[in-house]
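S.K.: Kindly generate the complete structure, drawing on both the sequences and the hints.
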Amino acid sequence: MALLDQIKYQFKTGGVSIKIIYINVLVYALFLILGNIFALMKWNPQGINNIDDYFSFNSSPLIFLKRPWTILTYMFLHGSFWHIFNNMLIYFFTARMYEDLMGKKSALSTYIIGGFCGAILYLITHNLFPLFRDMGDIPMLGASAAVMAVFVGLATYTPNFEVMLFGIIKIKMKYLAMVWVAFDIVGLSNSDGIAHFAHLGGAFWGYLYVSNFKKGKDISYWFDNFITKMSGLTTKRKIKIVYKKKKAEKKSSVPNSKSRQEKVDDILDKIKLSGYESLTKEEKDYLFDASKHI
Numbered sequence: 001m002a003l004l005d006q007i008k009y010q011f012k013t014g015g016v017s018i019k020i021i022y023i024n025v026l027v028y029a030l031f032l033i034l035g036n037i038f039a040l041m042k043w044n045p046q047g048i049n050n051i052d053d054y055f056s057f058n059s060s061p062l063i064f065l066k067r068p069w070t071i072l073t074y075m076f077l078h079g080s081f082w083h084i085f086n087n088m089l090i091y092f093f094t095a096r097m098y099e100d101l102m103g104k105k106s107a108l109s110t111y112i113i114g115g116f117c118g119a120i121l122y123l124i125t126h127n128l129f130p131l132f133r134d135m136g137d138i139p140m141l142g143a144s145a146a147v148m149a150v151f152v153g154l155a156t157y158t159p160n161f162e163v164m165l166f167g168i169i170k171i172k173m174k175y176l177a178m179v180w181v182a183f184d185i186v187g188l189s190n191s192d193g194i195a196h197f198a199h200l201g202g203a204f205w206g207y208l209y210v211s212n213f214k215k216g217k218d219i220s221y222w223f224d225n226f227i228t229k230m231s232g233l234t235t236k237r238k239i240k241i242v243y244k245k246k247k248a249e250k251k252s253s254v255p256n257s258k259s260r261q262e263k264v265d266d267i268l269d270k271i272k273l274s275g276y277e278s279l280t281k282e283e284k285d286y287l288f289d290a291s292k293h294i
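The working numbering puts the first residue of the sequence shown at 1, with every later residue one more than the last.
Simulated from the structure, these hints should not be mistaken for laboratory data.
The structure displayed is predicted, hence computed values, not measured ones.
Hints are not guaranteed to be accurate.
To be verified - Simulated pairs of lysine-lysine, DSBU-like, Cα-Cα distance not exceeding 30 Å:
hint, residue 1, residue 2
1, LYS104, LYS170
2, LYS229, LYS270
3, LYS281, LYS263
4, LYS263, LYS214
5, LYS172, LYS12
6, LYS104, LYS12
7, LYS215, LYS270
8, LYS229, LYS12
9, LYS174, LYS214
10, LYS217, LYS284
11, LYS42, LYS174
M.R.: See below:
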């Protein structure tokens with residue numbers, strides 16, 4: 001019971017990235033249970049052989065028109081333990097930093113719109129190229145496109161940020177992103193069960209969104225506003241009111257009492273208004289240093 005309470009607390013108080021991870025894990029567990037029940041009972045509603053198919057994104061435009069919700073639901077489904085483990089592991093180590101640098105709304109919209117872009121490119125390419133058309137209607141599921149959007153978005157924002165790969169290889173984010181994108185480009189014509197075009201669709205959105213953000217353009221503001229209304233997120237920062245005793249009305253020896261997050265928020269606001277290049281060297285250094293403490 002203590003573990004359950006801890007999970008509830010983390011879900012309630014955690015950021016968008018933590019919530020997305022918990023939702024993915026919960027959905028995976030739920031569909032694993034339901035899938036076994038359907039198989040044991042030999043239930044086959046509407047001719048669906050696998051319950052996942054009803055929520056997976058299909059390469060057939062007709063099936064998509066019948067199940068429009070799948071463009072959202074597919075990015076929260078996974079076909080195996082290792083599928084969800086790999087996706088959530090990558091997402092865990094990148095999304096927290098991305099959310100801290102870009103904010104809650106951007107973290108959520110990048111994940112979802114990245115998934116949308118992946119699905120749309122998957123649909124177009126599987127009906128455009130004969131190689132895929134000959135394969136018939138193929139359902140797709142997984143958070144890979146959405147995770148790719150966040151990953152490439154972070155690499156675009158902090159290209160020179162260094163990470164330790166496997167704990168032994170120090171590599172910059174931009175090179176790590178290039179390797180992942182190159183892997184998908186090389187595998188475009190492979191029949192390996194990996195939706196490489198969907199990954200590239202997510203990568204495209206991550207790069208497009210963040211590169212515009214650094215120029216002071218928020219190209220997802222319309223979607224961010226929609227998500228804000230639907231999810232209850234707010235752009236207003238909480239105002240901290242500090243009551244001081246009258247006898248302690250001495251000026252603080254600390255020149256700036258803002259927290260690190262508040263300073264980062266101010267810098268991000270400046271980027272939105274005037275672009276990344278409008279930052280002073282000190283502000284750029286502070287933002288980069290703040291990303292190391294996430």
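S.K.: All the hints need checking, so say for each whether the structure fits it.
M.R.: Hints, one by one, checked against the model:
1. LYS104 to LYS170: holds (29 Å)
2. LYS229 to LYS270: holds (24 Å)
3. LYS281 to LYS263: Given that 30 Å is the threshold and the Cα spacing comes to 15 Å, the pair holds.
4. LYS263 to LYS214: holds (17 Å)
5. LYS172 to LYS12: It is violated: about 33 Å lies between the C-alpha atoms, which goes past 30 Å.
6. LYS104 to LYS12: Judged against 30 Å, a Cα distance of about 14 Å means the pair holds.
7. LYS215 to LYS270: This hinted pair holds, its Cα atoms lying about 10 Å apart.
8. LYS229 to LYS12: holds (18 Å)
9. LYS174 to LYS214: holds (16 Å)
10. LYS217 to LYS284: With Cα atoms ~18 Å apart, LYS217 and LYS284 stay inside 30 Å; holds.
11. LYS42 to LYS174: Since the Cα atoms of LYS42 and LYS174 sit roughly 49 Å apart, the hinted pair is violated (cutoff 30 Å).
Going through the hint list in order, the structure does not satisfy hints 5, 11.
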